[in-house]
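What the sequence shown shows, in the UniProt record's numbering, is residues 1 to 443, in sequence order.
Just so you know, these hints were derived from the structure itself, not from any lab.
Note that CB positions come from ideal geometry on N, CA and C, so glycine has one too.
Relax, there's no trap hidden among the hints.
Simulated crosslink set (DSS-like; lysine-lysine; CA at most 30 Å straight-line): (1) K260 with K277; (2) K208 with K260; (3) K128 with K184; (4) K58 with K79; (5) K101 with K60; (6) K208 with K171; (7) K184 with K260; (8) K260 with K128; (9) K60 with K113; (10) K79 with K171; (11) K262 with K128; (12) K291 with K277; (13) K113 with K128; (14) K79 with K56; (15) K171 with K113; (16) K171 with K128; (17) K56 with K96; (18) K131 with K262; (19) K96 with K113; (20) K260 with K217; (21) K171 with K101; (22) K101 with K79; (23) K184 with K171; (24) K131 with K208; (25) K131 with K260; (26) K277 with K310.
Estimated spans, in silico, between C-beta atoms of each pair: (27) H421 with L307: 20 to 30 Å; (28) P142 with E100: 22 to 32 Å; (29) Q108 with Q205: 44 to 54 Å; (30) P433 with Q412: 28 to 38 Å.
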Amino acid sequence: MSEAHSSVNVSAAITVEEPSLASASDSIGDDEENLPRLQDRGKVICVDEQIDELIKRKRKECRSLTRRDELRLIVDFCKDRLCRLEQNEENYEQRKFLMEKLVDCRLQLELLKESETSDKKVDSLIFKGHKLTLQSVSGRNPYCEVCVTTIWRIVQRWRRCRLCGLRCHEKCIPSMVRRCPSVKAGNPNFRIRTEICEERGLDEQHYKCAECEHALKFGGSADCEPRLCDYNGRYYCPRCHWNDEWIIPARIVHNWDCDKYKVCRASKQLLAYIDRKPLLNITQLNPALSKFVAQLNRMNTLRRNILFMKCYFVCCKEARHLRILQYLNRRQHFVDSAEWYSVADLRDLAEGRLLPEIEQIVAIFAEHITRDCLLCLGNGFFCELCSDNHQVIFPFSDGVAICRECCAVFHQACFDRKSQHCPRCDRRKQRAPLVQSPDEIVS
1 MSEAHSSVNV SAAITVEEPS LASASDSIGD DEENLPRLQD RGKVICVDEQ IDELIKRKRK
61 ECRSLTRRDE LRLIVDFCKD RLCRLEQNEE NYEQRKFLME KLVDCRLQLE LLKESETSDK
121 KVDSLIFKGH KLTLQSVSGR NPYCEVCVTT IWRIVQRWRR CRLCGLRCHE KCIPSMVRRC
181 PSVKAGNPNF RIRTEICEER GLDEQHYKCA ECEHALKFGG SADCEPRLCD YNGRYYCPRC
241 HWNDEWIIPA RIVHNWDCDK YKVCRASKQL LAYIDRKPLL NITQLNPALS KFVAQLNRMN
301 TLRRNILFMK CYFVCCKEAR HLRILQYLNR RQHFVDSAEW YSVADLRDLA EGRLLPEIEQ
361 IVAIFAEHIT RDCLLCLGNG FFCELCSDNH QVIFPFSDGV AICRECCAVF HQACFDRKSQ
421 HCPRCDRRKQ RAPLVQSPDE IVS
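Assemble the whole structure, with the sequences as input and the hints as a guide.
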């Protein structure tokens, strides 16, 4: 029984391990189909091995071989092999591998150049006021504002102005005409244009672009098309005017018009640079505007209250410790005056964002003065013109009047009832004759 059982197992094992004729023929057919692919793969591996052997040989010859030198050797090797190989199906995989290797090594070389020059040249190039910094090879491809062509970041060196955002090829820098808006805005005599531009004829510019003096003509070719800048009223060529849109300060001040109009590149960069600078005094430019714009009238009141509250915070040790005025960090000019606005302030006010923000900050300020801080609360006022000796009032409270001479605070109704007569000023006038000067005491 045991011998029979063993013989059966051996025969079963033999039948299992013995392949069929059909399967053998199928495997032979698959090998014949994959033979070109395997050959191509072998060629690719062979090229990779040749590159490794080349690097090893050069390292033996020169011990100070750097990574940049290695990449240059690989680039030259790939270029040489690509020139020798014919463009046919047999060399397709090999050429594809060499091309991918070439692009990868070129990219690594550019990254090495960028890392080595970033510390030395980041602020080294200043031209016409532009602080041009070298940019990385990664990201989208922008347009050069000098030659108006695409900047291919991987293969072309390019720079961007840190102040106005101008982009250009490094080779185009000597041809740049436009000055940086920071130079113009930094002039002490600079004033933002607050007059709506009048219509002018092209003949006033002698039919030339206001920036590059390129010839302009209505109805001519595309590169001669005159484009009007709504900020300064001048005509520009398509190279200097890209149909950018921006809010015009003069239209906000005079018409409360926050729509965007087409401006040239120079005006767009200037307006973007001064967007958050407080350069507009609405009280001087258009004092009647607050009568027709309720948001502006309310904002003027809030800004005056902020200046009153600032007087309390300057004298309050706790407020200085809390740095409570840092709530206005984004709009620091609100702490300095109540009249000056930036274009961004007026835009946010018209779009309904500024008023809720400032109202919330003023509520925090008022809560500190009237409830949280005993020192600030002790600097409040009682109305001397009525019998209410319990209500503490402040210059920023609603329904109060402030004496222009001594800055005392009263209820508005009480002050009007007394014909705007201040008892505090009366007491000072009565004490004035009793105070003798030093000359009178000596005599």
